[in-house]
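A.B. asks: Please construct the entire structure, taking both the sequences and the accompanying hints into account.
Protein sequences appear in the order of chains Z and W.
So in full-length UniProt numbering, the last one in the first sequence is 396, and the numbering has no gaps at all.
So in full-length UniProt numbering, the last one in the second sequence is 396, and the numbering has no gaps at all.
Keep in mind that the hints are not guaranteed to be accurate.
Some chain W residues flagged as far from chain Z (calculated, every beta-carbon gap over 10 angstroms) [claimed, not checked]: (1) E16; (2) L121; (3) T151; (4) V221; (5) R242; (6) L289; (7) L323.
Only part of the chain Z face toward chain W is listed, based on derived beta-carbon distances under 7 angstroms [said to hold, decoys possible]: (8) I100; (9) A229; (10) H238; (11) V239; (12) P240; (13) M322; (14) L323; (15) R352.
Rather than coming from a laboratory, the hints here were simulated on the basis of the structure.
The beta-carbon is built from N, C-alpha and C at its ideal position, and this holds for glycine as well.
Number of protein chains: 2
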Amino acid sequence: MRQRNLSLVLHTLAAEGPLSRAAVAARIGVTRAGVSALVEELLRLDLITELGPGRPGTVGRPGSALALNENGPCGIGAEVGVDHLSVCAVDLRGKVVARIAVDAANRGRAPEPLLAELGRLVTAVAAEAESTGLRPAGLTVAVPGLVARGTDTVVRAPNLGWKGVEIPALLDPALTARLPVTVDNEANLGALAELWLAPTPVASDFIHVSAEIGIGAALVVDGALLRGAHGFAGELGHVPVRPEGPDCGCGGRGCLEQYAGEEAVLRASGLAPEEEAGRHPGPGARIALLAERAAAGDARVRTALEEAGTALGIALAGAVNMLDPGAVVLGGALAGLAPWMLPALEAELGGRVADPARTVRTEVSAIGADGPLLGAAHSVVHTVLDAPASYASPLE
Amino acid sequence: MRQRNLSLVLHTLAAEGPLSRAAVAARIGVTRAGVSALVEELLRLDLITELGPGRPGTVGRPGSALALNENGPCGIGAEVGVDHLSVCAVDLRGKVVARIAVDAANRGRAPEPLLAELGRLVTAVAAEAESTGLRPAGLTVAVPGLVARGTDTVVRAPNLGWKGVEIPALLDPALTARLPVTVDNEANLGALAELWLAPTPVASDFIHVSAEIGIGAALVVDGALLRGAHGFAGELGHVPVRPEGPDCGCGGRGCLEQYAGEEAVLRASGLAPEEEAGRHPGPGARIALLAERAAAGDARVRTALEEAGTALGIALAGAVNMLDPGAVVLGGALAGLAPWMLPALEAELGGRVADPARTVRTEVSAIGADGPLLGAAHSVVHTVLDAPASYASPLE
Numbered sequence: 001m002r003q004r005n006l007s008l009v010l011h012t013l014a015a016e017g018p019l020s021r022a023a024v025a026a027r028i029g030v031t032r033a034g035v036s037a038l039v040e041e042l043l044r045l046d047l048i049t050e051l052g053p054g055r056p057g058t059v060g061r062p063g064s065a066l067a068l069n070e071n072g073p074c075g076i077g078a079e080v081g082v083d084h085l086s087v088c089a090v091d092l093r094g095k096v097v098a099r100i101a102v103d104a105a106n107r108g109r110a111p112e113p114l115l116a117e118l119g120r121l122v123t124a125v126a127a128e129a130e131s132t133g134l135r136p137a138g139l140t141v142a143v144p145g146l147v148a149r150g151t152d153t154v155v156r157a158p159n160l161g162w163k164g165v166e167i168p169a170l171l172d173p174a175l176t177a178r179l180p181v182t183v184d185n186e187a188n189l190g191a192l193a194e195l196w197l198a199p200t201p202v203a204s205d206f207i208h209v210s211a212e213i214g215i216g217a218a219l220v221v222d223g224a225l226l227r228g229a230h231g232f233a234g235e236l237g238h239v240p241v242r243p244e245g246p247d248c249g250c251g252g253r254g255c256l257e258q259y260a261g262e263e264a265v266l267r268a269s270g271l272a273p274e275e276e277a278g279r280h281p282g283p284g285a286r287i288a289l290l291a292e293r294a295a296a297g298d299a300r301v302r303t304a305l306e307e308a309g310t311a312l313g314i315a316l317a318g319a320v321n322m323l324d325p326g327a328v329v330l331g332g333a334l335a336g337l338a339p340w341m342l343p344a345l346e347a348e349l350g351g352r353v354a355d356p357a358r359t360v361r362t363e364v365s366a367i368g369a370d371g372p373l374l375g376a377a378h379s380v381v382h383t384v385l386d387a388p389a390s391y392a393s394p395l396e
Numbered sequence: 001m002r003q004r005n006l007s008l009v010l011h012t013l014a015a016e017g018p019l020s021r022a023a024v025a026a027r028i029g030v031t032r033a034g035v036s037a038l039v040e041e042l043l044r045l046d047l048i049t050e051l052g053p054g055r056p057g058t059v060g061r062p063g064s065a066l067a068l069n070e071n072g073p074c075g076i077g078a079e080v081g082v083d084h085l086s087v088c089a090v091d092l093r094g095k096v097v098a099r100i101a102v103d104a105a106n107r108g109r110a111p112e113p114l115l116a117e118l119g120r121l122v123t124a125v126a127a128e129a130e131s132t133g134l135r136p137a138g139l140t141v142a143v144p145g146l147v148a149r150g151t152d153t154v155v156r157a158p159n160l161g162w163k164g165v166e167i168p169a170l171l172d173p174a175l176t177a178r179l180p181v182t183v184d185n186e187a188n189l190g191a192l193a194e195l196w197l198a199p200t201p202v203a204s205d206f207i208h209v210s211a212e213i214g215i216g217a218a219l220v221v222d223g224a225l226l227r228g229a230h231g232f233a234g235e236l237g238h239v240p241v242r243p244e245g246p247d248c249g250c251g252g253r254g255c256l257e258q259y260a261g262e263e264a265v266l267r268a269s270g271l272a273p274e275e276e277a278g279r280h281p282g283p284g285a286r287i288a289l290l291a292e293r294a295a296a297g298d299a300r301v302r303t304a305l306e307e308a309g310t311a312l313g314i315a316l317a318g319a320v321n322m323l324d325p326g327a328v329v330l331g332g333a334l335a336g337l338a339p340w341m342l343p344a345l346e347a348e349l350g351g352r353v354a355d356p357a358r359t360v361r362t363e364v365s366a367i368g369a370d371g372p373l374l375g376a377a378h379s380v381v382h383t384v385l386d387a388p389a390s391y392a393s394p395l396e
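C.D. replies: This is the structure we're talking about:
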């Protein structure tokens, strides 16, 4: 109960910014005395600060305004991409205080050296955050693969070539001794970033589609991720689009990834995926190339993107008929290709969604490719806001 | 809090049968004195009864065993089928105490006469239940169409030809004055029946597929229905199977219903749906005909059912990849055709689900075509068990 009320105060300050004790009491329906006790504990835990008395605009009785502590705990997010590694630190107010990204050829790379490199980047970002007075509270790692529910094990990440990799066990013990580590699918974290950080909030029920090399999706239902019985929900890339279509690495045929995955689009554009990967390495480089050529009017690229949009629309029509989301959000690298994919995608959705009276809102993420990394760091921040006392217990 | 504890006592008795006060106290973690007060209130509300002292097998201090009152409130369920109307009454212990079913040609029938007939059947079943001492607590109506979330309006029921029908407003006012009415999609209620009544409980996350004339599905996630933003989730029948396939009444092309719906299967079996509907009217009659011919070795019918199983498997593979359920349950009329559809269905699922290591459990419902009707009546019983005090308030 107390934990819940502490969390309520923090979430109120996160949502509405600096507020007086009286304003917090009014917002959460607790007495002034009750709020004062909660505030004392949160100050002691270093989770909030007082901005000093007489702040203009404060509602109710004059008093010092309270705010989340921008010099308290911070969340560290990391992303293992197929062609990059990124790490960032985010303070309780959501500001990115440190960030590193490096190009890396991770396809087929063994987990040990990859995670050793990632560990060094995390250590560097954590040191940077600490130098400004922040205390890293945890690390969440975004991976392009399936993570078994309730574990930190990557069951399968085909584009890395990983199977059964337990990430925390392979990170530097000096790091994991200091930082609790959690692992999640990049599409899930991208959807959480959309839910938490979108400048215009999306619906509380939406399908978030993202792409790096593969195509992933995440389902948000009533404001929470739908993870599935095993944690594997959201495998949009393997929804059959044309059941007699080309073989897919997953064992199926005619999966969406065979029509709208990066390699398929490069090939349909007359480009050789392997050559282009050598010529344009790094995160999003081939997507940027496609966007550039489409913008320049390259008919072959435009047709390839239109066909990818059609395939994505067919797969999403099935998903929308089954799930009835409030919106479909194109995020990740797909956001940059939206101008050429969206018309075909929307035509399929419009024609194939069972109730013609119902329009399915499609939106392009304003967060785009940063989603998984920001979602990872913010998920640590949310852990602190959700359970402030249990977060703080290791310190005492 | 008190409402919650009253409900907890009722659900404990529903799940475990007669128990002493001491056993109830131990199960729900409340003091003996606390349980006694709750029990007094539930006895007063006529929701439970004492079976008398000294019942053998009672745990703890000797004392009279408590049970749900089989002569208290009951739930009335009704089903509007395309070719039948059914009504039943279920007591708090789940026993069906009265039941009526009539064949009816409801395709294209206006809502007013249909609901007048349904109202007469409900009145008859309610009278029958009352004659045994039960008090009808509410009516839930199952419909083969989309019901807007939070309303009792059928937005669209293509096989009835209905659009925008607000059911309670069209029922006999003498009936609705006595009975609170709710309306839900038949597939949703079938899935709830599976969740509540299956002899072997299914997973808490499953996709329930059912069919009468159309094909519907319902999604159960963490033990609750996923209704979708507008209440329209579960439209499996309109998931694209072959995107360039035949036109569908929904406006799309190549929807699952075009391959595995009753009419499609009759046609593929060399039968004319309209003629057969005349020759074999009534609920499930054509499905029974198909099952009979398949059992007799009719090759054309067997091939038609196998192809329907393949199409269902393709659509479900997409849904399983997106939702990662613990099981897929074939319910409704489909349960009777499972022997001829399941092998092809399972072959598609096995080949197309992204993680080959993960087996998707497929099950055939033991409840079958009775699911929607039983789910409707039990959903009233659950309303009583969930909120005993607010249910009782109109009586006081």
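A.B. asks: Hint by hint, say whether it matches the structure.
C.D. replies: Consistency of the hints with the structure:
1. For E16 (chain W), the condition that its CB be more than 10 angstroms from all CB atoms of chain Z holds, with the nearest at approximately 26 angstroms.
2. In this structure L121 (chain W) is separated from chain Z by more than 10 angstroms, as the shortest Cβ-Cβ distance comes to about 29 angstroms.
3. With a least CB separation of 14 angstroms from chain Z, T151 (chain W) remains clear of the 10 angstroms interface cut-off, as annotated.
4. Taking the minimum C-beta to C-beta distance to chain Z, about 6 angstroms, the non-interface status of V221 (chain W) is violated against the 10 angstroms cut.
5. Consistency note on R242 (chain W): stated as away from chain Z, yet its beta-carbon is not over 10 angstroms from all of that chain's, at 7 angstroms minimum.
6. The beta carbon of L289 (chain W) sits about 28 angstroms from the closest Cβ of chain Z, which is more than 10 angstroms, so the claim that it is off the interface holds.
7. With a least beta-carbon separation of about 5 angstroms from chain Z, L323 (chain W) fails to lie farther than 10 angstroms from that chain, contradicting its non-interface assignment.
8. Taking 7 angstroms as the C-beta contact cut-off toward chain W, the hint placing I100 (chain Z) at the interface is violated, the least distance being around 32 angstroms.
9. This hint holds: A229 (chain Z) has a C-beta 4 angstroms from the nearest C-beta of chain W, less than the 7 angstroms allowed.
10. The beta carbon of H238 (chain Z) is positioned within 7 angstroms of a beta carbon in chain W (closest approach about 4 angstroms), and the interface hint is therefore held.
11. Given the 7 angstroms rule on beta carbons, the hint for V239 (chain Z) holds: about 4 angstroms separates it from the nearest Cβ of chain W.
12. The interface hint given for P240 (chain Z) is met, as the beta carbon of that residue sits about 5 angstroms from the closest beta carbon of chain W, less than 7 angstroms.
13. Restraint check, M322 (chain Z) versus chain W: the minimum CB separation of about 5 angstroms is within 7 angstroms; hint holds.
14. Hint status for L323 (chain Z): holds, given a least beta-carbon distance of 5 angstroms to chain W, under 7 angstroms.
15. A distance limit of 7 angstroms between C-beta atoms decides the matter here; for R352 (chain Z) the minimum to chain W is near 4 angstroms, and the interface restraint holds.
Hint compliance for this structure: hints 4, 5, 7 and 8 are not met, and every other hint is.
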